[in-house]
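K.L.:
Two chains, two separate frames, one set of hints: put the complex together.
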Amino acid sequence: MYGLITRLAATPARVAAILIAVFSIAFATPSLLAATASTQTVEITKFAYAPKEITVAPGTKITWTNRDEIPHTVTAKDKSFDSKALDTGDKFEHTFATEGDFEYFCTVHPFMTGVVHVRKQ
Amino acid sequence: MDTNDKTSPLALDDTHDPNRRKALSCLAAWTGAAVVWTVAGGVPRALGATTDGKTTAAAKNALTFVQISDTHIGFKKDANPDVVGSLRRAIADIHTLPQAPAFVVHTGDISHLSRADEFGQARELFQELKVDRLHTVPGEHDTIDDGLSGYLKFFDHDGKGKGWYSFDQSGVHFIGLTNTLNFKMGTMTSLGDEQLAWLKSDLARVSHSTPVVVLAHIPMWTVYAQWGWGTADADQALALLRPFGSVTVLNGHIHQVLQKVEGNVALHTAMSLAYPLPTPGQEGIGEPGPLKVPAGELGKRLGIRQLSVVRGQRELALIDRPLER
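Chains A and B, in that order, are what the protein sequence lines are.
Letter 38 of the first sequence, counting from 1, is numbered 177 in this note's numbering, and no numbers are missing.
Letter 311 of the second sequence, counting from 1, is numbered 460 in this note's numbering, and no numbers are missing.
In isolation and in its complexed conformation, chain B is listed as follows (with noise of 0.2 Å):
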């Protein structure tokens, strides 16, 4: 497996060392057949454990990173009328992490309406991370009207025009698939063929000890069919994980924390950092729109993602962190 880093995500820090990367790469010694990896049984997660002693112990000889999801820069309503504010205070909160992450990985809904001066601000805001590089995945609102064209001006990863790519960081192959471009009437989104087809020679290259991270907007489980939070082709993928030891996939979308276990297949929603929606299908509420609830509550339902693969253990640690706690 190539560990090298091909990709040309959002580069944050044009002032990083250089090496930082090559030494992060050398943390892929680790990896191989004699490492089996498995999410079987549940994965440990501690619901805004800052001070985890634990997991923070264990982040020290781990490659760590952190997914945000949901930032909808442009949304001004009730909800959250500052949204700026809040990735502020999550990037705040990740600055603060014992163990500075690799990198930042963000699962899509960047903008509230796909505009370019939202692309902009956002892209602005990520600046202010003090990590390497931001992997980004489009969501639904960043590909509103003209499809990727307008996200790809501001988050394109490798330059073919695509919104899905892969990249190898210390022994984690790592997937971003788009599924925020098939929406048709009545139904729920989708990968699509084209998408598909590329996943499988992606996977093609990678043994099945390697530990495999995928990220996606919308969950690629059926959450609640009735809202469209799932990926109709999303079992096609799954398919293609499925003889990997390890797969962990990262989502958005639903704006709250969800997992699900499947074998090795260990599946995750995350918070939003704009506003929270209801429980699916959540009774009395009807329909999946911005939940307003008393401000010292909004900063409890918004937060960031910890996460660490650690050499030797069997799992991903996963730490939610609220803004507020």
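If we strip away everything but chain A, and leave its shape as in the complex, we get (with noise of 0.2 Å):
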């Protein structure tokens, strides 16, 4: 294994692609994570939230979007959010302060269930 390496790393070709990978991940990662922590998406799509289950830091948006052509509803079992009626491409969204488990389901369909953890990360 250590051997391998070692070959790999012995053409300029292959420094290159290495040092091309280093940089990407130096420079994307940093916006990855703030993309995590601002802002998220959950699809209503076939009468079930994708994901159905979501772990976020707190001050995390999400935005629920309806994809299916029957209205849904964004609702928080302890009231916190409710979103009305979202009709076919109705966004809303939701951001989630402080940390805790918030289950949600749809008012119409009571039987798709949703839950958004807040996490500290």
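Keep in mind that a hint or two might mislead.
What the hints assert, rightly or not - Derived BS3-like pairs: lysine-lysine, alpha-carbon spacing no greater than 27 Å straight-line:
id	chain 1	residue 1	chain 2	residue 2
1	B	Lys226	A	Lys191
2	B	Lys225	A	Lys185
3	A	Lys191	A	Lys218
4	A	Lys230	A	Lys200
Keep in mind that the hints were calculated from the coordinates and are not lab data.
P.N.:
This is the structure in structure tokens:
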């Protein structure tokens, strides 16, 4: 294994490839982290929230978009947020300021459930 | 039993002969202990039999009324871009019935999104019905954001600010229930204690020999719990209804004809006038969303139901009439 790495690093082309990879990681990672902290999306499709469960950091804004031909809602079990009826293509946003587990459902199809876990990361 | 109609349903034809209702009430004379109503053993039903001679003949001395359901005014998607056209075809079909129905009942989802313009448009369309009255119950699409308040602005039956009511006609006790207000996370809908208490007190004044017809949007039996196709506390309501000799429960919501008979209680779901839905848990579908069917098929999956309460006959006769046959 060790010998293989030594051999791979030996050619200039491979060194360049590795350098590009390192730079990519160095520049891409901070912006990826920033996106994770600020906004996430959940699709409502085929009478389900996708993803059904999501874990985010405090301060994250989640945007739900209804992709079904039937109206749905995003309604917290503890009533802390409620989208009202979302027609096809309608969006709902909510920012989760505090840690906790926030269960939600669709008030017209209560078998549709989801949960947002808000955790310091 | 009081046979006067004390409710104020949507009056559809102000020019109609006011004596008609009185005349219909006279048909109530046949009711009484001597007539035992039962639907045990099944209810005759002829799918698509528009000129069923037997049923048509029977209807001549019967109280007949029509059930429509799930018009979803405001829906414009591929599954049916013209729900208004579908409703108008149904209205035309109702007008061709051999015996004019005494009234029409609508078992909910009048609108698609509970919007005032949808309720308003629906109400205007219903005015085209050449029948005395329309009795409605709300569907979950009619109570989606603000409960009953938007619906009641257009379809308040008795001015009491409730979705539930009862009335008597031709010796039949009709009850409209609301089972779209108590959705709790992860469960089916329910009627709720307040409504059950009202139902108990309402039925207390009705003799057990009186045929009872119950209207409610979501099925009053568990058709398919995974899709919420049932009412969690329906058993409590059915327990109150079981002592009656003939109970017919008319539901909508699932956009297809299904029935269940339990002793004297027969429960029926109806076709929609908007779009078809899959059969319960239909393989390869996965969710209860609108089904897109070939254009020529749609009219066969939508339709109305004619019901006849025939003097001297044991059964309530039902004919489901697709728009296209």
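K.L.:
Would you mind marking each hint as holding or not holding in the structure?
P.N.:
Each hint, compared with the structure:
1. B:Lys226 / A:Lys191: 26 Å, holds
2. B:Lys225 / A:Lys185: Between lysine 225 of chain B and lysine 185 of chain A the Cα gap is close to 18 Å, so the pair holds against 27 Å.
3. A:Lys191 / A:Lys218: 18 Å, holds
4. A:Lys230 / A:Lys200: Status holds; Cα separation ~12 Å.
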